[in-house]
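J.: Line order of the protein sequences matches chains X and R. Quick note: the first sequence uses numbering that gives the first Met the number 0, first residue 0, plus one each step. Quick note: the second sequence uses numbering that gives the first Met the number 0, first residue 0, plus one each step.
Just so you know, these hints were derived from the structure itself, not from any lab. For glycine and all other residues, C-beta sits at the position ideal for the given N, C-alpha and C. Worth double-checking, as some hints may not be accurate.
Stated by the list, open to error - Residues from chain X that keep clear of chain R, each with C-beta distances beyond 12 angstroms, as calculated:
#1 L1
#2 I11
#3 R16
#4 S41
#5 D232
#6 L239
#7 G311
#8 T312
#9 L313
#10 A315
#11 V408
#12 D409
To be verified - To give a feel for the contact side, a few chain R residues facing chain X, derived at Cβ under 8 angstroms:
#13 I55
#14 A79
#15 L188
As the list claims (entries may be wrong) - Below 25 angstroms or equal to it, Euclidean Cα-Cα: the simulated DSS-like pairs (lysine-lysine) are:
#16 X:K152 with X:K93
#17 R:K31 with R:K142
#18 X:K404 with X:K319
#19 X:K404 with R:K9
#20 R:K191 with X:K13
#21 X:K71 with X:K270
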Amino acid sequence: MLTWLTISLRNIIKNGRRSLTTVLAIALGYAAINLFQGYVHSTYEGLTNAAIHGEGLGHITIFKKGYLDQGKLHPEKFQFSRDEVERISGIVRKESDVQLVTPRLSVSGILSNGRNSTIFIAEGLVPVDDKEIRGDLSKYTSFSGTYLDDREKAGVVIGSELAAMLDLKVGSDAVILSNTYSGMANALDAKISGIYNTGNTATNDKMLLMTFRHSQDLMDFSGAERLVVLLKDGRNGKNLISVTGRLQKGLAAAGFSVEMKTWNELSVFYKQVKNLFDMIFLFIFIIVLVIVVMSVVNTMSMSVMERTREIGTLRALGLKRLGVKALFATEGALLGILGSGLGFIFFFTVYGLIAAAHPTYVPPGSSNPVPLQVDLVWPVLGRSVLSLAILALLAAYVPARRSAKMPIVDALGHI
Amino acid sequence: MSILEFNKVKKEYRLGETTVRALRGVDLTVGKGEFIAVLGASGSGKTTLLNLAGAIDEPTEGEVRVNGQAISGMADNAKAELRNRTIGYIFQNFNLVSVLTALENVMLSLQIRGGRTADIRGEASQRLDDVGLADFMRHRPDKLSGGQRQRVAIARALVTNPLLVLADEPTANLDHETAQSIIDLMKELNEKEGVTFLFSTHDQRLINEVKRVVRIDDGKIVQ
């Protein structure tokens with residue numbers, strides 16, 4: 000094997016210019032794939048955090064069975080009563096991976112400044128729990144004023160576009176109007192305690208956050224629409240599925256008929272972006288794959304043609320067909336490894352430049368600029384080396400197979 | 000005991016629309032320790048005969064036996080092993096691997112067979128020493144003269160201790176003096192080590208040294 004490696008490496012060096020072209024093609028492919036993967040990884044991480052913490056979806060949401068299908072038409076039929084909220088919360092808290100379980104109530108209606116009014120969509124949340132889920136809002140979005148506080152029951156936090164539309168400032172008084180579950184109109188006073196940018200142009204002009212108790216008063220209801228579960232740090236991923244399964248089992252055993260959705264099932268934006276990026280990645284990967292394969296096939300075909308007599312000689316000396324294939328496949332794999340090695344350097348050069356320059360951009364649908372970030376994903380970097388080496392090996396196998404099949408007499412007579 | 004037997008061997012090639020009859024019923028037996036020259040004009044069938052003897056080609060008709068084994072119908076891997084263990088080749092154009100040193104070229108045949116690298120290196124060094132190239136082991140073919148390259152090729156052919164060494168015009172590309180030294184070397188190996196040589200040549204000096212001449216004309220042995 001060492002001899003084949005020696006022959007391969009020396010032939011790569013001997014045909015320096017040709018090898019360099021192939022190695023560069025592989026290197027650029029490696030760098031492109033990994034830079035994009037790093038960017039996608041960073042984006043997924045950001046979107047995951049935005050969905051779980053920023054949107055406040057938590058990891059798991061528990062609904063009454065049937066809510067997702069008919070809850071919008073008959074919301075009154077698919078709400079948890081206060082007693083159910085307490086009992087379900089008690090069962091969920093027993094799960095060791097759970098950090099927090101909190102009730103939520105969705106509300107929609109009209110917000111008025113006394114002169115003008117516009118529609119709003121609102122979430123009624125327990126301020127102390129929500130702070131644990133979202134963390135400090137001001138850290139990742141522009142926020143002015145103070146956050147919700149149970150001591151200020153009428154305090155609301157609204158999207159910055161909504162505030163602008165109604166000329167509401169922190170400290171302004173407003174009126175919120177909605178229909179209760181029994182169909183009665185209900186209006187309550189509200190005080191603008193905070194204004195923030197939701198980060199999404201679709202919600203920034205209608206989002207309103209209010210205390211859970213305030214939302215219950217508005218809906219004239221003592222229960223909750225759903226329960227949001229936050230898992231302990233690092234318990235996302237595979238744990239999410241198993242925890243969901245265990246909770247489902249535990250609640251069913253206690254006689255509750257519920258359905259659960261994980262954050263990635265609920266976040267439409269995450270799913271759309273992920274599908275789009277997965278498609279772009281596939282597209283880039285196919286382009287790189289074609290370039291690498293064509294480049295290696297071309298290089299190895301020329302190498303095989305130039306070394307036909309050498310192949311004949313080796314076969315005459317007793318080398319089996321498999322040996323000839325192994326010889327050229329080794330050379331292909333070496334090109335793949337050298338290309339990946341150079342690609343590794345390219346990747347880190349661009350990675351370093353991005354890290355130093357801190358570029359930002361405004362993604363579609365977002366109202367805030369976000370940093371262009373590339374993550375270091377070591378398993379992907381390693382797997383790419385292996386993938387490109389195998390790809391180059393397979394690409395080299397095609398001309399190698401052809402050469403191994405050539406009659407020895409013809410190969411020896413080749414000029 | 001015969002090392003090589005040709006029984007009514009015919010070999011035909013297709014060359015475009017034409018069928019070339021390279022051998023037309025050849026009978027030949029080569030015994031151990033023989034030093035045989037195959038003579039004939041260009042296109043008479045010398046190289047075809049050597050190719051069949053070396054199990055790198057198959058007869059169209061008849062039977063070729065190398066060390067008692069019929070090569071027709073033999074699996075490709077079995078033929079490869081037969082070539083590696085039984086036959087040594089010396090090519091007219093030396094056919095050395097350009098990116099390997101003289102020593103690495105000689106090691107090749109043994110490495111194909113398999114074994115400990117240290118042992119293989121020792122045997123290859125010894126063979127290079129035998130052909131007078133002890134000081135040129137680390138040289139690549141492009142740094143060696145024509146005679147030195149052919150000596151490396153001879154060392155490579157002999158390193159596996161083959162029963163039969165085939166040489167296709169081994170002195171054709173060498174100057175007078177170098178050719179003489181190669182002839183002397185082959186003769187010496189034949190006499191001292193009992194290596195069997197079968198070679199095609201036009202070189203009269205080489206013909207003068209042989210014990211037996213096989214003359215081939217238009218695909219038939221005439222002498």
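J.: Are the hints correct? Go through all of them and say.
T.: Results for each hint:
The claim that X:L1 lies off the interface is violated: its Cβ sits roughly 7 angstroms from the closest Cβ of chain R, which falls inside the 12 angstroms cut-off. The Cβ of X:I11 sits about 10 angstroms from the closest Cβ of chain R, inside the 12 angstroms cut-off, so the non-interface label is violated. Distance check for X:R16 against chain R: the nearest CB is about 16 angstroms away, which clears 12 angstroms, and the non-interface claim stands. No Cβ of chain R comes within 12 angstroms of the Cβ of X:S41; the nearest lies about 45 angstroms off, and the non-interface call holds.
With 12 angstroms as the threshold on Cβ separation, the claim that X:D232 sits away from chain R holds: the shortest Cβ distance comes to roughly 54 angstroms. With a cut of 12 angstroms on Cβ distances, X:L239 stays outside the contact zone with chain R, its closest approach being about 53 angstroms. With a minimum CB-CB distance of about 8 angstroms to chain R, X:G311 fails to clear the 12 angstroms threshold, and the non-interface call is violated. Taking the minimum C-beta to C-beta distance to chain R, about 4 angstroms, the non-interface status of X:T312 is violated against the 12 angstroms cut.
Some Cβ of chain R comes within 12 angstroms of the Cβ of X:L313; the nearest lies about 7 angstroms off, and the non-interface call is violated. Residue placement check: X:A315 does not keep its beta carbon more than 12 angstroms from all beta carbons of chain R (closest about 5 angstroms). Non-interface call for X:V408 relative to chain R: violated, since the shortest CB-CB distance, roughly 5 angstroms, does not exceed 12 angstroms. The claim that X:D409 lies off the interface is violated: its Cβ sits roughly 10 angstroms from the closest Cβ of chain R, which falls inside the 12 angstroms cut-off.
A hinted interface residue such as R:I55 counts as satisfied when its beta carbon comes closer than 8 angstroms to some beta carbon of chain X; here the least separation is about 4 angstroms, so the hint holds. Given hint, R:A79 at the interface with chain X, holds; its Cβ is 5 angstroms from that chain's nearest Cβ, closer than 8 angstroms. Annotation: R:L188 was flagged as interfacial toward chain X, and the flag is violated, the nearest CB pair being 18 angstroms apart, outside 8 angstroms. As the CA atoms of X:K152 and X:K93 are separated by approximately 30 angstroms, the hinted pair breaks the 25 angstroms bound.
Under the criterion of a C-alpha separation no larger than 25 angstroms, the hint pairing R:K31 with R:K142 is inconsistent with the structure, at around 36 angstroms. Only pairs whose Cα atoms come within 25 angstroms are accepted, and X:K404 paired with X:K319 is accepted, the gap being roughly 10 angstroms. Straight-line distance between C-alpha atoms of X:K404 and R:K9 comes to about 24 angstroms, which keeps the hinted pair within the 25 angstroms bound. For a cut-off of 25 angstroms, the pair hint linking R:K191 to X:K13 is broken: about 40 angstroms separates their Cα positions.
Distance restraint check for X:K71 and X:K270: the Cα-Cα separation of roughly 22 angstroms lies within the 25 angstroms cut-off, and the hinted pair is therefore satisfied.
The structure fails to meet hints 1, 2, 7, 8, 9, 10, 11, 12, 15, 16, 17, 20 from the earlier list, while all remaining hints are met.
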